[in-house]
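Full structure from sequences and hints, please.
Residue numbers (our numbering), protein chains in the order written: chain A, 938 to 1105; chain B, 469 to 757.
Any given hint might turn out to be false.
Stated by the list, open to error - Taking lysine-lysine pairs in the PhoX-like style, the calculated list, with each CA pair at most 25 Å apart, reads:
(1) A:Lys-946 to B:Lys-567
(2) A:Lys-1102 to B:Lys-569
(3) B:Lys-755 to A:Lys-1096
(4) A:Lys-1103 to B:Lys-567
(5) B:Lys-569 to A:Lys-1096
(6) B:Lys-595 to A:Lys-1103
(7) A:Lys-1096 to B:Lys-566
(8) B:Lys-582 to B:Lys-540
(9) B:Lys-569 to A:Lys-1044
(10) B:Lys-678 to B:Lys-750
(11) B:Lys-493 to B:Lys-755
(12) A:Lys-1096 to B:Lys-582
(13) A:Lys-1096 to B:Lys-576
(14) B:Lys-497 to B:Lys-595
(15) B:Lys-607 to B:Lys-755
(16) A:Lys-1102 to B:Lys-582
(17) B:Lys-582 to B:Lys-561
(18) B:Lys-566 to A:Lys-959
(19) B:Lys-576 to A:Lys-1103
(20) A:Lys-1073 to B:Lys-561
(21) B:Lys-493 to A:Lys-1073
(22) B:Lys-569 to A:Lys-1103
(23) A:Lys-1102 to B:Lys-686
(24) A:Lys-946 to B:Lys-566
(25) B:Lys-678 to A:Lys-1008
(26) A:Lys-1056 to B:Lys-497
(27) A:Lys-946 to B:Lys-569
(28) A:Lys-1056 to A:Lys-946
(29) A:Lys-1102 to B:Lys-566
(30) B:Lys-595 to B:Lys-686
It is worth saying that the hints were derived from the structure and are not from the lab.
All values reported here derive from a predicted model rather than from experimental measurement.
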Amino acid sequence: MSLDFEFRKQIMDYHIGSEAIKYCYQCNRCTDNCPVAAVTIDFYGTTGYNPRHIILGSLLGYKDLLLGADKLAIWGCTVCDTCDEVCPQHIELTEIFSFLKNISSAKGDAPDSIYAQAKAIYDSAKAIPSQPAIEKRREQLGLPPVVAPDVNELQSLMKNIGADKKLK
Amino acid sequence: MTEYKMFEGCTIGNRIPFIEAASRKVLDKIGVQTSQAPFSCCPDPTGMKSFDNDAWLTIGARNVCLAEAEGKDIISLCNGCANTLRGVCTQLKHDSNKKAKVNSELAKIGKEFKGSIDVKHFVDVIKANLDSVKGAITKQLTGLKVACHPGCHYMRPVEWMESDDPMRPKNLAEIVAVTGATVVDYDELALCCGSAVTNAYPEHGAEVLKKKMDSIKKAGADVIVANCPACFQQFDTQQRDLSKKYETDYNIPVLYLTELLALAMGISGDDIGLKFHRVRLKEILEKLG
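Structure follows, in structure tokens:
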């Protein structure tokens, strides 16, 4: 396992506006309060989802540890934002995790559900596209039809940003 | 009278519209007006944000632009949508670099994010109109024991959501209490329902949900009240499997906050499609008479 200084720099640059990450003293409050850590980490803390390890790995530049074969390392996050709330150094952990997940998505390593949702949004501008059965149910419930979004505009935005290239 | 742009969101609008039916009826009863707009996916703070943060920010800002064009605030029926739209507004208002970058993308489709409107979670709109809610209640839900589940994205990150205590939430309980129902305390009130991790790792999602459900069951709740469609679905659709997996009879029905309020306002369960719930409500409806 090697240090990747470019990766380290990327994270430091991303976390602009707050240098808080540099002041992480590994107190473990994030992991102590993480709902997924609670159900995955073994007694010695060597396996399972561990947000404290993500911050340590980011600070040191252990790219392989975070973006390697063990997908749970970053994708175990349930995005509950509890770690952000309890961090005594006010590190925006979830923002750093998003950044790492974005790199993982570009590599083709994200869970299938992530690509499926992005594709649905690209194709229909909705994470869950409109379906005839539900349209009928809306009518039965006395609801107006959902107003159709502008799919072309969404596709233009995603293409210009380059997000379309990450789709599978 | 303020009129909001209704942001029902993908899950409620295109999967579980009975929640929208209850919500619209309750908003009508308390005099909150809404109108529609061609909103896209918010997009999902647990999905699209993980896929591409720039796309998340820009698509979110585009939705805000649609409401800005009419000079109206947004009311969201969903934690995820409220979280994204409020998060986007907060980030763009406080980071001029991000705002410039997003606006350069929006300019290509003839739009500009100004930051001139507010995004409200429906729980906060209801709380602000609590006197009207009290006035519209015709049937006290006395004896009904409720476990509240506000859900992560209603209260965290607090810098975005700004409406409740992020670890000891109380707004939902305050609203539930006006129906005459009894709010029961339980240890895991602030715990996630496990929905987002369930998509990638169902086994870990089930473990998180089990902790939540065990705590709710121990507190003796008749019903869970939620204000997020992702949490609602996690509770409503996963409970049967959870009961089998852990050989425990959970079987605790789930009501959306607006469904609970609709019942207290004398609206019939048939009119708001309560039959579409997976965990049956028969027992609590009989209890309420």
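Does the structure break any of the earlier hints, and which numbers would those be? 3, 6, 16, 20, 23, 26, 28, 30
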